[in-house]
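Protein chains: 2
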Amino acid sequence: MNNISIYTEKLRESGLRPTRQRLKICELLFSPEKTFHFTINDLTKIIEDKLSEKISLATIYNTIHAFKKKGYLKEISINSDKSYFDTNVTEHHHFFDEDTNELIDCSNDDIDSVNIKKNITGKKIKSIEVLIKVASDNQNQN
Amino acid sequence: MNNISIYTEKLRESGLRPTRQRLKICELLFSPEKTFHFTINDLTKIIEDKLSEKISLATIYNTIHAFKKKGYLKEISINSDKSYFDTNVTEHHHFFDEDTNELIDCSNDDIDSVNIKKNITGKKIKSIEVLIKVASDNQNQN
DNA sequence: CATTTACATTAAAACAATTCTAAACTGTTG
DNA sequence: CAACAGTTTAGAATTGTTTTAATGTAAATG
Ligand SMILES: [Mn+2]
Ligand SMILES: [Mn+2]
Ligand SMILES: [Zn+2]
Ligand SMILES: [Zn+2]
Chain A
42 MNNISIYTEK
52 LRESGLRPTR
62 QRLKICELLF
72 SPEKTFHFTI
82 NDLTKIIEDK
92 LSEKISLATI
102 YNTIHAFKKK
112 GYLKEISINS
122 DKSYFDTNVT
132 EHHHFFDEDT
142 NELIDCSNDD
152 IDSVNIKKNI
162 TGKKIKSIEV
172 LIKVASDNQN
182 QN
Chain B
42 MNNISIYTEK
52 LRESGLRPTR
62 QRLKICELLF
72 SPEKTFHFTI
82 NDLTKIIEDK
92 LSEKISLATI
102 YNTIHAFKKK
112 GYLKEISINS
122 DKSYFDTNVT
132 EHHHFFDEDT
142 NELIDCSNDD
152 IDSVNIKKNI
162 TGKKIKSIEV
172 LIKVASDNQN
182 QN
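As given, the protein sequences belong to chains A and B, one line each in that order. Those letters in the first sequence? Residues 42 to 183, per the numbering used here, in order. Those letters in the second sequence? Residues 42 to 183, per the numbering used here, in order.
One should not assume that every hint holds.
No copy is singled out in the list; a pair is fine if it fits within one copy or between any two copies.
Stated by the list, open to error - In silico PhoX-like cross-links for lysine-lysine, where the CA-CA straight-line distance does not exceed 20 Å:
1) K65 <-> K109
2) K111 <-> K65
3) K109 <-> K158
4) K164 <-> K174
If you're looking for bench data, these hints aren't it; they were derived computationally from the structure.
Could you put together the complete structure from these sequences and hints?
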């Protein structure tokens, strides 16, 4: 099947024209069968190294932000060093491996649903997400 | 009671000598009856404005990091713009008000305890924390 | 089809948070 | 007091991110 037209649609939905650069980014993000987590730096490296392409940082940031705004990507905050993005846009929880700095999806089967009994008055709950930090047993957790 | 000796002890425990600047920081962090959340920028502002003191940024960062390492402060990741710190070092959950960018402790009474059924093999769970993002009902959530 | 216009890409500059550096300072110890 | 270890500081450097402004591209207009 023609993925290009899917990417084109996603770009249009995000308010962007389907350019060569943006289609390349789409291919990296949306063609893998499995969802994954990445930083802008990861993505830039892949574009440079694996694709031997050159897409300017500004274009990468613009495109990623447009997708995030539209809901085609999710941003995950693990630490304040950098932003992580997630191609799995469903509401879900994460393990964060402090040894490897790796972010791993927590299947809904692996956790009981979280029940909030009392909310802030006048506010609506937008999301409930759990972050489980893990590390090797015999590790010094700084 | 003499808080100074408590602060001195905390500093020593964190591997730092009790200097005038560091004791000032201790007072701001540990004398309030209620715990609170702050950014380095918040803290710097308080020192400058309310205390009319001048403590260099480097000293502030050093001291906060030493306390964090020792476990006298906790770092909370909400977004990647800046780090939030918490004087409540117990494991607990947070509401984050997207309208005001305010971080609010979620009392343990307000949430059922989170039950993880399956963990990553060979890893130990270091913490389980829930982040509940809230916003005004009639708000555009970008 | 030529012209206008809107949108894109880019390199580089600007920016903000954080970390590092190196020199001056302080307090303790021999 | 002299030597030393640790501290403070201003400012420089670094890092991730955003903005700018010049140039390019391609859809829309007539
Ligand atoms: Mn950090
Ligand atoms: Mn952000
Ligand atoms: Zn995920
Ligand atoms: Zn808290």
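Against the structure, the hints come out as follows:
1. K65 <-> K109: Answer is within; shortest intra-copy Cα gap is 17 Å, inter-copy 42 Å.
2. K111 <-> K65: within (18 Å within a copy, 46 Å between copies)
3. K109 <-> K158: neither (30 Å within a copy, 30 Å between copies)
4. K164 <-> K174: between (28 Å within a copy, 10 Å between copies)
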